[in-house]
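Novice: Protein chains in written order, with our numbering: chain A, 11 to 115; chain B, 11 to 115.
It is worth saying that the hints were derived from the structure and are not from the lab. Just so you know, not all the hints are guaranteed correct.
Sample of chain B residues lacking proximity to chain A, with all beta carbon distances greater than 12 Å (derived) [claimed, not checked]: (1) 76; (2) 80; (3) 87; (4) 94.
Not everything, but these chain B residues come out facing chain A in the computed CB check (under 10 Å) [unchecked claim]: (5) 18; (6) 29; (7) 55; (8) 61; (9) 62; (10) 63; (11) 77; (12) 96; (13) 97; (14) 100.
Every value quoted in this text rests on a predicted model; they were computed, and no experiment measured them. In this text, a Cβ means the ideal position worked out from N, Cα and C, and glycines have one as well.
Protein chains: 2
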Amino acid sequence: MPAEAWAGWADTIGSLAALLTTVSFVPQAWLTWRTRDVSGISLGMYSVFTTGVALWLVYGLLLGAWPIVAANTVTLALALSILLMRIRYGGTTHANTPRSHDTTG
Amino acid sequence: MPAEAWAGWADTIGSLAALLTTVSFVPQAWLTWRTRDVSGISLGMYSVFTTGVALWLVYGLLLGAWPIVAANTVTLALALSILLMRIRYGGTTHANTPRSHDTTG
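If we strip away everything but chain A, and leave its shape as in the complex, we get (with noise of 0.2 Å):
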């Protein structure tokens, strides 16, 4: 195909991104509510991640981009339970120390 039917494609194919990086983050919030098996997430992960999507919020709300808004409502939601799991079943400090020093596997 040339380019221009390519370029047809990107909506559709820009929906699909956007709906599978948003949805991604229900299985970990799942997992993690189940188990309270934080050892290996790292905190400044979803401190950094939860911030930049509540701007991600903000700029949708300021281009009244309502795409933008209900998707980012969404992953804030479930990044910012992550993080307060994170928080709450690991500590903020040292909870990513390796449990021994044989983990070589």
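Guided by the hints, dock chain B onto chain A, whose structure is given.
Specialist: This is chain B only, laid out in the frame that chain A set:
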């Protein structure tokens, strides 16, 4: 400020949002690389998220939107590295089973 003045901040806020959600995966990739601890990390999340980011990259290429291409190239590399470590260090099945049944805290 009136709505128009806030809208002038949109590009700045959007750029900061993209920067944060992209670099947020650095501490997770580094933590996982350093500790090999993937017990709390959801295979489902990283499978779906990595696929979604790859589609964001395709979307950016179709539109010739280079900020989207750049941000998602970096995120794809980071998310894919976490996914591969999750598979390598945790296996693909039952790796997320709690280590004991008394993790009620």
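Novice: Check the structure against each numbered hint from earlier and tell me which ones fail, lowest number first.
Specialist: When the structure is compared with the hints, numbers 11, 13 turn out to be violated.
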